[in-house]
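Which chain is which? The protein sequence lines are A and B, in order. According to our numbering, the stretch in the first sequence is residues 269 to 580, in order. According to our numbering, the stretch in the second sequence is residues 574 to 964, in order.
Heads up, some of the hints might be wrong.
Computed cross-link-like contacts, SDA-like style, restricted to lysine to any residue with a CA-CA straight-line distance of at most 20 Å [said to hold, decoys possible]:
{"#": "1", "chain 1": "B", "residue 1": "K777", "chain 2": "A", "residue 2": "R336"}
{"#": "2", "chain 1": "B", "residue 1": "K795", "chain 2": "A", "residue 2": "Q329"}
{"#": "3", "chain 1": "B", "residue 1": "K777", "chain 2": "A", "residue 2": "V369"}
{"#": "4", "chain 1": "A", "residue 1": "K400", "chain 2": "B", "residue 2": "Y626"}
{"#": "5", "chain 1": "B", "residue 1": "K623", "chain 2": "A", "residue 2": "Q329"}
{"#": "6", "chain 1": "B", "residue 1": "K795", "chain 2": "A", "residue 2": "P368"}
{"#": "7", "chain 1": "B", "residue 1": "K761", "chain 2": "B", "residue 2": "R822"}
{"#": "8", "chain 1": "A", "residue 1": "K364", "chain 2": "B", "residue 2": "E757"}
{"#": "9", "chain 1": "A", "residue 1": "K366", "chain 2": "B", "residue 2": "V617"}
{"#": "10", "chain 1": "B", "residue 1": "K776", "chain 2": "A", "residue 2": "P537"}
{"#": "11", "chain 1": "A", "residue 1": "K400", "chain 2": "A", "residue 2": "Q389"}
{"#": "12", "chain 1": "A", "residue 1": "K366", "chain 2": "B", "residue 2": "P628"}
{"#": "13", "chain 1": "B", "residue 1": "K623", "chain 2": "A", "residue 2": "S363"}
{"#": "14", "chain 1": "A", "residue 1": "K400", "chain 2": "B", "residue 2": "P628"}
{"#": "15", "chain 1": "A", "residue 1": "K364", "chain 2": "B", "residue 2": "R822"}
{"#": "16", "chain 1": "B", "residue 1": "K768", "chain 2": "A", "residue 2": "P368"}
{"#": "17", "chain 1": "A", "residue 1": "K308", "chain 2": "B", "residue 2": "K777"}
{"#": "18", "chain 1": "A", "residue 1": "K536", "chain 2": "A", "residue 2": "Y567"}
{"#": "19", "chain 1": "B", "residue 1": "K776", "chain 2": "A", "residue 2": "T333"}
{"#": "20", "chain 1": "B", "residue 1": "K623", "chain 2": "A", "residue 2": "P368"}
{"#": "21", "chain 1": "A", "residue 1": "K366", "chain 2": "B", "residue 2": "L771"}
{"#": "22", "chain 1": "B", "residue 1": "K777", "chain 2": "A", "residue 2": "R397"}
{"#": "23", "chain 1": "A", "residue 1": "K400", "chain 2": "B", "residue 2": "P775"}
{"#": "24", "chain 1": "A", "residue 1": "K367", "chain 2": "B", "residue 2": "L764"}
{"#": "25", "chain 1": "A", "residue 1": "K367", "chain 2": "B", "residue 2": "R822"}
{"#": "26", "chain 1": "B", "residue 1": "K776", "chain 2": "A", "residue 2": "R279"}
{"#": "27", "chain 1": "A", "residue 1": "K283", "chain 2": "B", "residue 2": "P775"}
{"#": "28", "chain 1": "A", "residue 1": "K367", "chain 2": "B", "residue 2": "P628"}
{"#": "29", "chain 1": "B", "residue 1": "K776", "chain 2": "A", "residue 2": "V369"}
{"#": "30", "chain 1": "A", "residue 1": "K364", "chain 2": "B", "residue 2": "D758"}
{"#": "31", "chain 1": "A", "residue 1": "K367", "chain 2": "B", "residue 2": "P765"}
{"#": "32", "chain 1": "A", "residue 1": "K367", "chain 2": "B", "residue 2": "G961"}
{"#": "33", "chain 1": "B", "residue 1": "K623", "chain 2": "A", "residue 2": "R397"}
{"#": "34", "chain 1": "A", "residue 1": "K364", "chain 2": "B", "residue 2": "E630"}
{"#": "35", "chain 1": "B", "residue 1": "K768", "chain 2": "A", "residue 2": "E285"}
{"#": "36", "chain 1": "A", "residue 1": "K366", "chain 2": "B", "residue 2": "E630"}
{"#": "37", "chain 1": "A", "residue 1": "K400", "chain 2": "B", "residue 2": "E630"}
{"#": "38", "chain 1": "A", "residue 1": "K364", "chain 2": "B", "residue 2": "D858"}
{"#": "39", "chain 1": "B", "residue 1": "K777", "chain 2": "A", "residue 2": "Y567"}
{"#": "40", "chain 1": "B", "residue 1": "K777", "chain 2": "A", "residue 2": "E284"}
Just so you know, these hints were derived from the structure itself, not from any lab.
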Amino acid sequence: MTENYIAFGKRQVTKEEYFAPGHRACIGCAEALAVRLAAKALGPNTIIVAATGCMEIVASQMPWTSWRLPWIHTLFENTAAVASGIESGLRTLESKGKKPVEGINVVATAGDGGTSDIGLQALSGALERGHKFLYICWDNEAYMNTGIQRSSSTPYGASTTTAPAGKQSIGQMTWKKNLPAIVAAHNIPYVATACPSYPFDFMDKVVKGSKVDGPAYIHVFSVCPTGWRSAPEMSIELGRLAVQTGVFPLFEIENGKYKINVNTPKRKPVADYLKIQGRFRHLSEQEIKLIQDRVDKEYDALVERAEKDKAA
Amino acid sequence: MAKRVGMEVSLAIGEAAKLADVDVVAAYPITPQTHIVEHLAELVANGELKSAYIPVESEHSAMSACLGSAAVGARTFTATAGQGLELMHEVLYVAASMQLPMVMAVANRALSAPLSVWGDHSDVMAVRDTGWIQIFTENGQEVFDTVLCAFRIAEDPKVLLPVMVHLDGFHLSHMIEPILISEEDEVKRFLPPFKYPLALDPKKPVTMGAFAPPVIYSEARKAQEVHLAGTKEAIVKCWDEFASIFGRRYLPVETYRAEGAKTLLMTMGSFSETAMETIDKMRADGKDIGLVRLRLWRPFPTTELRQAVKDAETLVVFDRAISLGSQAGPVCSEVRSALYNLEKKPRVASVIGGLGGRDVTVAGFEEIINIGIKMAKKESQQEIEIFGVRE
Numbered sequence: 269m270t271e272n273y274i275a276f277g278k279r280q281v282t283k284e285e286y287f288a289p290g291h292r293a294c295i296g297c298a299e300a301l302a303v304r305l306a307a308k309a310l311g312p313n314t315i316i317v318a319a320t321g322c323m324e325i326v327a328s329q330m331p332w333t334s335w336r337l338p339w340i341h342t343l344f345e346n347t348a349a350v351a352s353g354i355e356s357g358l359r360t361l362e363s364k365g366k367k368p369v370e371g372i373n374v375v376a377t378a379g380d381g382g383t384s385d386i387g388l389q390a391l392s393g394a395l396e397r398g399h400k401f402l403y404i405c406w407d408n409e410a411y412m413n414t415g416i417q418r419s420s421s422t423p424y425g426a427s428t429t430t431a432p433a434g435k436q437s438i439g440q441m442t443w444k445k446n447l448p449a450i451v452a453a454h455n456i457p458y459v460a461t462a463c464p465s466y467p468f469d470f471m472d473k474v475v476k477g478s479k480v481d482g483p484a485y486i487h488v489f490s491v492c493p494t495g496w497r498s499a500p501e502m503s504i505e506l507g508r509l510a511v512q513t514g515v516f517p518l519f520e521i522e523n524g525k526y527k528i529n530v531n532t533p534k535r536k537p538v539a540d541y542l543k544i545q546g547r548f549r550h551l552s553e554q555e556i557k558l559i560q561d562r563v564d565k566e567y568d569a570l571v572e573r574a575e576k577d578k579a580a
Numbered sequence: 574m575a576k577r578v579g580m581e582v583s584l585a586i587g588e589a590a591k592l593a594d595v596d597v598v599a600a601y602p603i604t605p606q607t608h609i610v611e612h613l614a615e616l617v618a619n620g621e622l623k624s625a626y627i628p629v630e631s632e633h634s635a636m637s638a639c640l641g642s643a644a645v646g647a648r649t650f651t652a653t654a655g656q657g658l659e660l661m662h663e664v665l666y667v668a669a670s671m672q673l674p675m676v677m678a679v680a681n682r683a684l685s686a687p688l689s690v691w692g693d694h695s696d697v698m699a700v701r702d703t704g705w706i707q708i709f710t711e712n713g714q715e716v717f718d719t720v721l722c723a724f725r726i727a728e729d730p731k732v733l734l735p736v737m738v739h740l741d742g743f744h745l746s747h748m749i750e751p752i753l754i755s756e757e758d759e760v761k762r763f764l765p766p767f768k769y770p771l772a773l774d775p776k777k778p779v780t781m782g783a784f785a786p787p788v789i790y791s792e793a794r795k796a797q798e799v800h801l802a803g804t805k806e807a808i809v810k811c812w813d814e815f816a817s818i819f820g821r822r823y824l825p826v827e828t829y830r831a832e833g834a835k836t837l838l839m840t841m842g843s844f845s846e847t848a849m850e851t852i853d854k855m856r857a858d859g860k861d862i863g864l865v866r867l868r869l870w871r872p873f874p875t876t877e878l879r880q881a882v883k884d885a886e887t888l889v890v891f892d893r894a895i896s897l898g899s900q901a902g903p904v905c906s907e908v909r910s911a912l913y914n915l916e917k918k919p920r921v922a923s924v925i926g927g928l929g930g931r932d933v934t935v936a937g938f939e940e941i942i943n944i945g946i947k948m949a950k951k952e953s954q955q956e957i958e959i960f961g962v963r964e
């Protein structure tokens with residue numbers, strides 16, 4: 269069936285589209301690209317559980333659907349809980365012989381608001397209980413579906429409609445909540461960060477996460493031209509810059525061990541990343557310096573941790 | 574032959590779920606429901622019930638997990654009460670609107686504040702419009718039977734809706750009663766395996782829970798309303814078949830010594846049994862009085878209600894909940910509305926009582942009936958009476 273694959277060097281990617289074209293995501297939406305790549309990596313033996321959010325509304329206006337996989341959306345904050353029920357239901361039906369054992373991937377997906385804010389409790393509960401499922405957070409760093417309101421995942425200094433930059437404010441006054449670390453604190457077997465600008469790294473992680481015996485979590489950096497006030501054609505480049513500046517490092521935590529996947533020994537200055545986005549346009553050199561210092565500190569700590577784990 | 578066993582009603586619910594061979598229980602502890610899910614956890618731990626038991630971190634997640642398990646075609650059960658039912662609130666609508674069959678026992682409890690773990694119907698009334706089929710019960714046997722019937726109703730291909738079984742918190746949930754526990758083969762005969770026609774399945778991908786723009790939302794809602802109203806037929810048929818196998822018959826609206834009575838009292842839930850004693854006493858005293866008991870709360874049995882009260886002059890509706898700021902108890906409001914357009918109808922009085930676990934005795938119901946008669950005759954200035962309040 270080689271004709272169903274497209275080759276990228278040594279890599280082959282299926283031509284099948286499980287997240288069909290014709291959805292209504294904005295031009296340059298890296299999140300929709302990430303969904304498409306994840307669906308390709310997962311393949312047809314998959315059930316998708318979606319939270320309310322951009323990826324729900326662009327793909328499911330009754331009576332249409334963009335999904336060629338079984339897909340369910342119920343509410344905003346309960347995605348991990350719904351996935352818990354699906355996983356438990358399938359497992360029990362299989363063990364009782366009411367359904368053949370098929371190893372179906374159960375994949376819960378939500379945005380950063382649905383994950384780090386309103387859905388955090390349900391996520392924590394599902395991780396702690398140890399369900400075998402993959403949770404993917406599409407992080408576009410604000411409530412983009414409702415119109416660019418700040419979330420706890422919005423980065424310091426970004427202007428949003430509920431934390432706007434003004435004469436007495438730089439916009440977001442708090443630092444981005446570290447969801448991968450919070451998830452890792454549940455001691456689950458697999459945690460990773462990813463970005464569709466690095467498609468093979470991302471797809472490999474999706475496959476890995478779906479095969480783990482227990483909960484797996486992937487935090488996907490998803491560039492949003494509409495909310496970030498960036499040029500749509502810059503979405504892939506912005507994802508690369510986030511990684512190359514150390515703003516969003518790509519790493520895995522497998523059974524508690526950290527590993528950096530894309531090494532950036534010579535990191536670009538964060539200004540390269542910030543200055544091409546309208547949401548940061550108001551920041552002074554001093555504030556950019558503050559962000560640079562924070563990124564350096566966090567990146568160094570990550571490298572240190574990864575080196576320690578490698579040596580162990 | 575079914576065995577008659579002295580058993581706490583909560584435990585009997587667990588036994589009913591076990592006989593139904595449930596696949597998934599997702600639950601969170603809350604008084605006065607906790608004994609139900611404790612018993613189920615015990616049955617699973619001892620290998621007597623082959624079910625997943627998801628000890629979720631909240632009621633919101635309990636109901637959400639139930640959405641997921643029902644969506645893959647697993648027979649699903651949960652239980653809650655009071656604040657727990659409130660925390661589930663938005664999820665309840667989804668279960669009904671997406672036609673995800675499941676059964677939930679609700680040990681009816683008052684709502685905060687002030688905090689009260691004790692029984693009344695405030696929690697029931699707050700979830701009145703969620704689209705679930707809702708059934709009241711009066712004693713342990715009825716609770717056991719209704720749980721079995723609830724699975725059959727929920728999973729009926731003509732229904733495919735979630736069902737709530739209401740039992741009064743403490744007054745029923747914590748009573749030890751003699752209950753006929755059915756035999757496994759009888760239950761198997763009554764309750765066929767669950768075959769959900771729309772399950773999430775990679776072999777036949779479906780999209781569930783698409784959103785509806787204004788151009789289609791009204792159509793979706795009307796379809797839901799027509800469907801729910803139409804389930805009464807399947808509910809009555811289920812109860813008929815239950816009677817033919819088990820010999821116990823249930824009806825949407827039931828009466829007690831009501832034939833031709835001038836005055837009728839209307840009750841829901843376990844207080845109906847106390848009220849029956851009041852009726853016996855008042856009948857012995859030569860009073861022309863009877864009792865109407867509402868069993869099926871949703872879909873509302875308008876026809877059966879009209880039939881049951883058609884000859885009465887006065888109908889006293891006893892509510893165990895207040896609709897704050899309204900002009901009658903919530904059940905009374907609906908009863909009035911169901912009767913209003915009839916040429917010949919009884920005068921309807923609203924008496925509220927039994928709030929937050931306050932008991933109403935046999936003598937109490939006699940007083941309630943007398944208050945109601947006065948209100949109906951307009952001898953009282955009050956539109957609404959809250960019974961037994963210390964002033």
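Hint by hint, here is what the structure shows:
no.: 1; hint: B:K777 to A:R336; in the structure: holds (9 Å)
no.: 2; hint: B:K795 to A:Q329; in the structure: holds (19 Å)
no.: 3; hint: B:K777 to A:V369; in the structure: holds (16 Å)
no.: 4; hint: A:K400 to B:Y626; in the structure: holds (15 Å)
no.: 5; hint: B:K623 to A:Q329; in the structure: violated (39 Å)
no.: 6; hint: B:K795 to A:P368; in the structure: violated (38 Å)
no.: 7; hint: B:K761 to B:R822; in the structure: holds (19 Å)
no.: 8; hint: A:K364 to B:E757; in the structure: holds (17 Å)
no.: 9; hint: A:K366 to B:V617; in the structure: holds (18 Å)
no.: 10; hint: B:K776 to A:P537; in the structure: violated (49 Å)
no.: 11; hint: A:K400 to A:Q389; in the structure: holds (18 Å)
no.: 12; hint: A:K366 to B:P628; in the structure: violated (23 Å)
no.: 13; hint: B:K623 to A:S363; in the structure: holds (9 Å)
no.: 14; hint: A:K400 to B:P628; in the structure: holds (15 Å)
no.: 15; hint: A:K364 to B:R822; in the structure: violated (33 Å)
no.: 16; hint: B:K768 to A:P368; in the structure: holds (15 Å)
no.: 17; hint: A:K308 to B:K777; in the structure: holds (18 Å)
no.: 18; hint: A:K536 to A:Y567; in the structure: holds (13 Å)
no.: 19; hint: B:K776 to A:T333; in the structure: holds (17 Å)
no.: 20; hint: B:K623 to A:P368; in the structure: holds (17 Å)
no.: 21; hint: A:K366 to B:L771; in the structure: holds (16 Å)
no.: 22; hint: B:K777 to A:R397; in the structure: violated (29 Å)
no.: 23; hint: A:K400 to B:P775; in the structure: holds (17 Å)
no.: 24; hint: A:K367 to B:L764; in the structure: holds (19 Å)
no.: 25; hint: A:K367 to B:R822; in the structure: violated (35 Å)
no.: 26; hint: B:K776 to A:R279; in the structure: violated (27 Å)
no.: 27; hint: A:K283 to B:P775; in the structure: holds (18 Å)
no.: 28; hint: A:K367 to B:P628; in the structure: violated (24 Å)
no.: 29; hint: B:K776 to A:V369; in the structure: holds (13 Å)
no.: 30; hint: A:K364 to B:D758; in the structure: holds (18 Å)
no.: 31; hint: A:K367 to B:P765; in the structure: holds (16 Å)
no.: 32; hint: A:K367 to B:G961; in the structure: violated (56 Å)
no.: 33; hint: B:K623 to A:R397; in the structure: holds (18 Å)
no.: 34; hint: A:K364 to B:E630; in the structure: violated (26 Å)
no.: 35; hint: B:K768 to A:E285; in the structure: violated (30 Å)
no.: 36; hint: A:K366 to B:E630; in the structure: violated (28 Å)
no.: 37; hint: A:K400 to B:E630; in the structure: holds (17 Å)
no.: 38; hint: A:K364 to B:D858; in the structure: violated (59 Å)
no.: 39; hint: B:K777 to A:Y567; in the structure: violated (45 Å)
no.: 40; hint: B:K777 to A:E284; in the structure: holds (16 Å)
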